[in-house]
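2 protein chains.
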Amino acid sequence: MPTDETDRDGYLLRPIGRVESPLTRRDQAPRQGDEGAPDAWLVLDAAVADAMRDLTAGTDVLVLTWLHRADRQVLAVHPRGDADRPVTGVFATRSPDRPNPVGLHRVRIVAIDGLRIRVRDLEALDGTPIVDIKPVLGPAAER
Amino acid sequence: MPTDETDRDGYLLRPIGRVESPLTRRDQAPRQGDEGAPDAWLVLDAAVADAMRDLTAGTDVLVLTWLHRADRQVLAVHPRGDADRPVTGVFATRSPDRPNPVGLHRVRIVAIDGLRIRVRDLEALDGTPIVDIKPVLGPAAER
Chain A
722 MPTDETDRDG
732 YLLRPIGRVE
742 SPLTRRDQAP
752 RQGDEGAPDA
762 WLVLDAAVAD
772 AMRDLTAGTD
782 VLVLTWLHRA
792 DRQVLAVHPR
802 GDADRPVTGV
812 FATRSPDRPN
822 PVGLHRVRIV
832 AIDGLRIRVR
842 DLEALDGTPI
852 VDIKPVLGPA
862 AER
Chain B
722 MPTDETDRDG
732 YLLRPIGRVE
742 SPLTRRDQAP
752 RQGDEGAPDA
762 WLVLDAAVAD
772 AMRDLTAGTD
782 VLVLTWLHRA
792 DRQVLAVHPR
802 GDADRPVTGV
812 FATRSPDRPN
822 PVGLHRVRIV
832 AIDGLRIRVR
842 DLEALDGTPI
852 VDIKPVLGPA
862 AER
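First to last, the sequence lines map onto chains A and B. Following the working numbering, the numbering of the first sequence begins with 722 at its first residue and continues without gaps. Following the working numbering, the numbering of the second sequence begins with 722 at its first residue and continues without gaps.
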C-alpha cells in the first residue's frame, strides 16, 4: 500500500536508528567526514533488520541522517562558517542549517555486529537520527 | 532556534518545491537518471528563493526528493525488479520502496528561470516533492 502521508504540510521521517559517536558538540565535528572524522557506530532498530541484512564490511555506503540540531530557518550562510567568504544560499553549500536538514555522508563499513554497523569517517554527532542507507552506485553496466 | 521536532515518532519533512516532468507513471521511469531519463524542471517555492540564489547553470547538484508513491513497509526486494536476482535488503539497493523513501539524484543544471531550475536526466515522476538541493563535493582542498 503506497503511504502518501500528506498529513499537515509534509511527510513524516521516522528514524531507523541512531549514530553512536565520540562527537558530542557541533564545534568538535569536522565539516566533512574525510576531514578527520572519527569512526562511529550506526545502531539500527530491530524493525529494519531485514533491510540491512545484505550490507557487508569493506564496502562504501551513503548514510542519510536528520541533523536534529540544525536551524531550519536559515537560508544563506558564510560557507564553512568563514566570515571572509560571501554569504551564499544554502542549496549551494553543505551547511547543516537548511530547510530540511538531511545529512548525506559517504562512509566505509568496517564491521557489522548484529544491528550495529561500524563505519569510518562519519562527522555526525552522537545521537543523530539515521533515516536511510543506500549503496554507492557503480557504472550503469554493473547495476 | 534549533527546531528539534520530535512530535509523534519522527521529523516533519516540508517540501521546498515539486518536480515537473513528462514522466507520470512509475513503469515509465528509468531506474536511474543516467539510464535515459528526460529533462525536468525543479519548481521551487518562493519561500526558499534566498536558498537557491547561488545555484548556476552548468554545474551538477544532488537533488533530494520524497518518493511519495513508494511503499514504506517494504524491507527487501528483487534488485531492479528482476525476479532472477535474489531478494536483497533495501539498504543494499536503490529501491524506491524503503522505510524513508528519500530519493537521491545527481543532475546537471542546464538553466535557471526565477524559481524554476531546468535539469538533465532526472528519473523522478511529475509532482514528486523536492526536499533539498546540495552541491557535489569536490576535493577537500577546494571546498
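Bear in mind the hints are in silico, worked out from the structure with no lab data behind them. A portion of the hints provided could be inaccurate.
Identical copies carry no separate label here, and so any pair may be met within one copy or between two of them.
Pairs of lysine to any residue residues, derived as SDA-like cross-links and limited to a Cα-Cα distance of at most 20 Å, are as follows [as the list claims (entries may be wrong)]:
hint, residue 1, residue 2
1, Lys855, Asp730
2, Lys855, Thr745
3, Lys855, Leu744
4, Lys855, Leu783
5, Lys855, Leu825
6, Lys855, Arg746
7, Lys855, Ala778
Hint numbers contradicted by this structure: 1, 2, 3 and 6
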